[in-house]
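Novice: Residue strings, one per chain:
Protein chains: 2
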Amino acid sequence: MRDAEMYIPTYDDMLAAHERIKPHIRRTPIRTSCHLNELAGAELFFKCENFQEPGAFKVRGAANAVFGLDEEKARKGVATHSSGNHASCLSYAAMLRGIPCNVVMPRTAPQAKKDTVRRYGGNITECAPSTSSREATFARVQAETGGDFVHPYNDPRVIAGQGTCSREFMEQTDGLDIVVAPIGGGGMISGTCLTLSTLAPETKVIAAEPEQADDACRSFRAGHIIADDAPKTIADGLLVPLKDLTWHFVSSHVSEIFTASEDEIIDAMKLTWKHLRVVMEPSSAVPLATILKHPGAFRGKRVGVIVTGGNVDLDKLPWIQ
Amino acid sequence: MRDAEMYIPTYDDMLAAHERIKPHIRRTPIRTSCHLNELAGAELFFKCENFQEPGAFKVRGAANAVFGLDEEKARKGVATHSSGNHASCLSYAAMLRGIPCNVVMPRTAPQAKKDTVRRYGGNITECAPSTSSREATFARVQAETGGDFVHPYNDPRVIAGQGTCSREFMEQTDGLDIVVAPIGGGGMISGTCLTLSTLAPETKVIAAEPEQADDACRSFRAGHIIADDAPKTIADGLLVPLKDLTWHFVSSHVSEIFTASEDEIIDAMKLTWKHLRVVMEPSSAVPLATILKHPGAFRGKRVGVIVTGGNVDLDKLPWIQ
Numbered sequence: 001m002r003d004a005e006m007y008i009p010t011y012d013d014m015l016a017a018h019e020r021i022k023p024h025i026r027r028t029p030i031r032t033s034c035h036l037n038e039l040a041g042a043e044l045f046f047k048c049e050n051f052q053e054p055g056a057f058k059v060r061g062a063a064n065a066v067f068g069l070d071e072e073k074a075r076k077g078v079a080t081h082s083s084g085n086h087a088s089c090l091s092y093a094a095m096l097r098g099i100p101c102n103v104v105m106p107r108t109a110p111q112a113k114k115d116t117v118r119r120y121g122g123n124i125t126e127c128a129p130s131t132s133s134r135e136a137t138f139a140r141v142q143a144e145t146g147g148d149f150v151h152p153y154n155d156p157r158v159i160a161g162q163g164t165c166s167r168e169f170m171e172q173t174d175g176l177d178i179v180v181a182p183i184g185g186g187g188m189i190s191g192t193c194l195t196l197s198t199l200a201p202e203t204k205v206i207a208a209e210p211e212q213a214d215d216a217c218r219s220f221r222a223g224h225i226i227a228d229d230a231p232k233t234i235a236d237g238l239l240v241p242l243k244d245l246t247w248h249f250v251s252s253h254v255s256e257i258f259t260a261s262e263d264e265i266i267d268a269m270k271l272t273w274k275h276l277r278v279v280m281e282p283s284s285a286v287p288l289a290t291i292l293k294h295p296g297a298f299r300g301k302r303v304g305v306i307v308t309g310g311n312v313d314l315d316k317l318p319w320i321q
Numbered sequence: 001m002r003d004a005e006m007y008i009p010t011y012d013d014m015l016a017a018h019e020r021i022k023p024h025i026r027r028t029p030i031r032t033s034c035h036l037n038e039l040a041g042a043e044l045f046f047k048c049e050n051f052q053e054p055g056a057f058k059v060r061g062a063a064n065a066v067f068g069l070d071e072e073k074a075r076k077g078v079a080t081h082s083s084g085n086h087a088s089c090l091s092y093a094a095m096l097r098g099i100p101c102n103v104v105m106p107r108t109a110p111q112a113k114k115d116t117v118r119r120y121g122g123n124i125t126e127c128a129p130s131t132s133s134r135e136a137t138f139a140r141v142q143a144e145t146g147g148d149f150v151h152p153y154n155d156p157r158v159i160a161g162q163g164t165c166s167r168e169f170m171e172q173t174d175g176l177d178i179v180v181a182p183i184g185g186g187g188m189i190s191g192t193c194l195t196l197s198t199l200a201p202e203t204k205v206i207a208a209e210p211e212q213a214d215d216a217c218r219s220f221r222a223g224h225i226i227a228d229d230a231p232k233t234i235a236d237g238l239l240v241p242l243k244d245l246t247w248h249f250v251s252s253h254v255s256e257i258f259t260a261s262e263d264e265i266i267d268a269m270k271l272t273w274k275h276l277r278v279v280m281e282p283s284s285a286v287p288l289a290t291i292l293k294h295p296g297a298f299r300g301k302r303v304g305v306i307v308t309g310g311n312v313d314l315d316k317l318p319w320i321q
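Line order of the protein sequences matches chains A and B. The numbers in full-length UniProt numbering rise by one with no breaks, and the one at position 257 of the first sequence is 257. The numbers in full-length UniProt numbering rise by one with no breaks, and the one at position 239 of the second sequence is 239.
Okay, chain A solo, but in the shape it has when bound (with noise of 0.2 angstroms):
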C-alpha cells in the first residue's frame, strides 16, 4: 500500500528543508585529529551533529517537519513513537515553535530520556515494552490529539531534513571522496545519498553497521528488506529496520555497508573520545570502527564521518567495568 502512494523527496525539498531549518539548528563543526588520520591512513572529517542542542542530527528532521507545517495543522502539534532522540529532537523543536508534541515511550525507556523529552516540553505517554502495545497506545493518542505523525525516518520531510548535513559538510571541507554514516532505519543515510547524489555524485556514500543489528547490510547483499529478531548492540540508536522509503535510497545509491564488531565499536568510541575530545554515542562510533577493519577501501581518501550523536549514560560508559 505505503509503496504505491510513496513520495520521494528531491534535492529541491532538501534546499526548501535547510532554508526553512537554518534559524533553527547549528551549523555544526568539523573536528579532525592528526593522531586518528595517522591510525586509518586516511584524512579524517568529523561532522559534529552531537554539537547540535539536543545532542543529534534528528532535530533537522524534526525541525524540517515541524516548521513545514501550515499554522492550522501547527496547533494540533506533532505526534511520535520513539524512545531515543527523535523524540527528544521532536520535543525541542516543537518547543521552539511553540506547539505540541506528543510521544509514545515504553516505560521500560531510560529516566534519563523520559527527562530530556519532558525538559523540552514533550508529553509522555507510556505504554508496555510490544510492537502491539505501542500502536494501539499511539492510535489513541493521536486520535485524542490530532498531532501530526512525525515517523523518525521513514516520511520524506524527515529525510530531506538529514539531507541537508551533507551539503553543509561539502561546503566545509571543499568536498570528499567518500561519505561514512552509521545505519540504523536508514534516516541519515537517506538523506546524505539524496544531497550527494545531485550535489556530488562522484562521492561514495558508505554505511556502518554493528555486526550484532546487521539487518541492512544483509537487505543490501539480498536486494530486498529483511529485518532483524530482537537485534542486540551497544549502538542502540541503530536497533531499527529499514522501511520502504529508506530502502529507495539504500537500494539506489549507498555503495557499500561495513559492519564491526561490538568490541570494535568500543574500541572507535573511545578512541574518538580521546583524540577528537567528543562525547559520541556507541552508534557514532561505528563508521571509525568500520574505517580502520577495512583500510583499504578508505587508504590516501578524504572521508567523511558523520558523527550522529552524543547523548550517553556517562554514569555507564561500555570501556569501564
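It should be emphasised that the hints constitute simulated quantities derived from the structure, not laboratory data. Ideal Cβ positions, reconstructed from N, Cα and C, are used throughout, including at glycine. Hints should not be assumed to be uniformly reliable.
[Stated by the list, open to error] List time: in silico SDA-like cross-link candidates among lysine to any residue, alpha-carbon distance up to 25 angstroms:
hint, chain 1, residue 1, chain 2, residue 2
1, A, Lys274, B, Lys274
2, A, Lys22, B, Cys34
3, A, Lys22, B, Ala143
4, A, Lys274, A, Glu43
[What the hints assert, rightly or not] Covered by chain B, per the in silico footprint, the following chain A stretches (three or more residues, Cβ under 8 angstroms):
hint, region
5, 27-39
6, 45-55
7, 278-285
[Said to hold, decoys possible] For each label pair, taking beta carbons as the anchor points, the in silico distance ranges come out as:
hint, chain 1, residue 1, chain 2, residue 2, range
8, A, Trp319, B, Ser261, 27 to 33 angstroms
9, B, Lys73, A, Glu38, 28 to 34 angstroms
10, B, Pro129, A, Pro129, 50 to 56 angstroms
11, B, Ala128, A, Arg218, 56 to 62 angstroms
12, B, Thr108, A, Ile226, 51 to 57 angstroms
13, A, Thr108, B, Lys316, 29 to 35 angstroms
14, A, Arg119, B, Ile320, 22 to 28 angstroms
15, B, Arg140, A, Arg299, 43 to 49 angstroms
16, B, Thr131, A, Arg118, 53 to 59 angstroms
17, B, Ser255, A, Pro23, 31 to 37 angstroms
18, B, Pro106, A, Arg119, 44 to 50 angstroms
We have chain A already, so just place chain B on it with the hints.
Specialist: For chain B alone, coordinates are given in the frame of chain A:
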C-alpha cells in the same frame, strides 16, 4: 635576582606570537549550550582549547617559543621539566619544527603522559619524584644538550603565546563581559590579562581555582605570592604555584579569584561532558564550577570560559567508582 631582569611581554609581543603560531595551531571553535545557560543564568561561551591537536592551550605558548628561536638556537632544541600538558605540547611544537625536545619527568609520571611525549618525538629523562632530583637532572640535560629552556608558564614567550587565545575569543564572540579561566601557575590567566587589558579593558578577567589548591587565591588576598605545601586536587593541571611574571599579571589585572570544592568540580565536569558533549579535563571544569557557585557575579552577563585541556584518563573518571 629574576625580578630585576624580568621582561614583561607586551600586547605587540602577543600580536607577533599570533602571526608566528597561526600556521601551527588551531583557531579553536566556541561551544554553547542553552541548558547550561539556563543553569548559570548567564550566556556562556566555551572556547575549546582541548581541541588543539595535542589537547591543550599550552601548544600556543610552546609554539611561540619554538618558532621564535633563531636557526642556531633551534638546532640545539628546547628543554623543559613537566609531567603535564606543557611537556606534550612542547614536544609537539618541536616536532613540527623538526628540532629536539628534551623533557625531564619524574619516573612516577603516568605512562600515558610519557607515551604522548614520545609519540611527539620528545626525549624523556626520568628523575626521582623530588624537586632536588628534578633540578639536578634538568641542569645536567640542559648542559649536555644546550637546549633552550622553555618554562611551562613563567616565560614571556609562553605568556604572549597563551594571550593569543583571548584575541580569537573576542573576535569569535563579538565581545564578552567576563572571561574565566583556571589558574595554576598562571600562564593562561596572564596571557588573558595581557591581551584583554589592551584589547578590551572593560572585560573582567576572573580566575578559577580548586579550594584544595587555593594558593593563587590566598596570594591575591595577601598581596604577595604564597605557595601551597603539597596541594592535592583532582584538577592536576593546577598544582603549581605562581611565579614572578605571572604574579605581575594576576596582581595587576585579575578582578577576582573564585574557588570550588572537589565535588563541585566533578559535578561541573560531568555537566560539560553531558551538555557540551566535550571531553575536558578536571582543571577545565573549575571555571563552570565557580560560575554555578557564585551566580550573582555572572548573572545576565556574556561570560567566556577557556576550556584549557582535554587530556583525561578515560579509564578513571572521577564520578565512576
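Novice: Each hint: holds or not?
Specialist: Cross-check of the supplied hints:
With a C-alpha separation of about 16 angstroms, the suggested pair Lys274 of chain A and Lys274 of chain B falls inside the 25 angstroms cut-off, and the hint holds. This hinted pair checks out: Lys22 of chain A and Cys34 of chain B have alpha carbons roughly 17 angstroms apart, not beyond 25 angstroms. At most 25 angstroms may separate the alpha-carbon atoms for a hinted pair to count; Lys22 of chain A and Ala143 of chain B exceed this at roughly 60 angstroms. Using a Cα cut-off of 25 angstroms, the hinted pair Lys274 of chain A and Glu43 of chain A holds, with the two alpha carbons roughly 18 angstroms apart.
Coverage of a stretch by a chain is defined here by at least three residues with a beta carbon nearer than 8 angstroms to that chain's beta carbons; for the region 27-39 of chain A and chain B the count is 5, and the condition holds. Only residues whose beta carbon comes within less than 8 angstroms of a beta carbon in chain B count, and the region 45-55 of chain A has 5; three or more means the coverage holds. Given as covered by chain B, the region 278-285 of chain A passes the check, having 3 residues with a CB less than 8 angstroms from a CB of that chain where 3 are the minimum. Checked against the hint of 27 to 33 angstroms, the pair Trp319 of chain A and Ser261 of chain B passes, with Cβ atoms roughly 28 angstroms apart.
Checked against the hint of 28 to 34 angstroms, the C-beta distance between Lys73 of chain B and Glu38 of chain A comes to roughly 30 angstroms, which is consistent with it. Distance hint for Pro129 of chain B and Pro129 of chain A: a CB-CB separation of about 54 angstroms, consistent with the stated range 50 to 56 angstroms. For Ala128 of chain B paired with Arg218 of chain A, a C-beta distance near 60 angstroms keeps the hint of 56 to 62 angstroms intact. In this structure, Thr108 of chain B and Ile226 of chain A meet the distance hint of 51 to 57 angstroms, their C-beta atoms being roughly 56 angstroms apart.
At about 31 angstroms, the CB distance of Thr108 of chain A to Lys316 of chain B agrees with the hint of 29 to 35 angstroms. Separated by about 24 angstroms at the C-beta atoms, Arg119 of chain A and Ile320 of chain B satisfy the suggested range of 22 to 28 angstroms. Between Arg140 of chain B and Arg299 of chain A the Cβ separation comes to about 45 angstroms, which falls inside the hinted range of 43 to 49 angstroms. For the pair Thr131 of chain B and Arg118 of chain A, the supplied restraint of 53 to 59 angstroms holds, since their beta-carbon distance comes to about 54 angstroms.
Between Ser255 of chain B and Pro23 of chain A the CB atoms are about 36 angstroms apart, so this pair conforms to the stated range of 31 to 37 angstroms. At about 46 angstroms, the beta-carbon gap between Pro106 of chain B and Arg119 of chain A stays in the expected band of 44 to 50 angstroms.
Of the hints listed earlier, the one the structure fails to meet is number 3.
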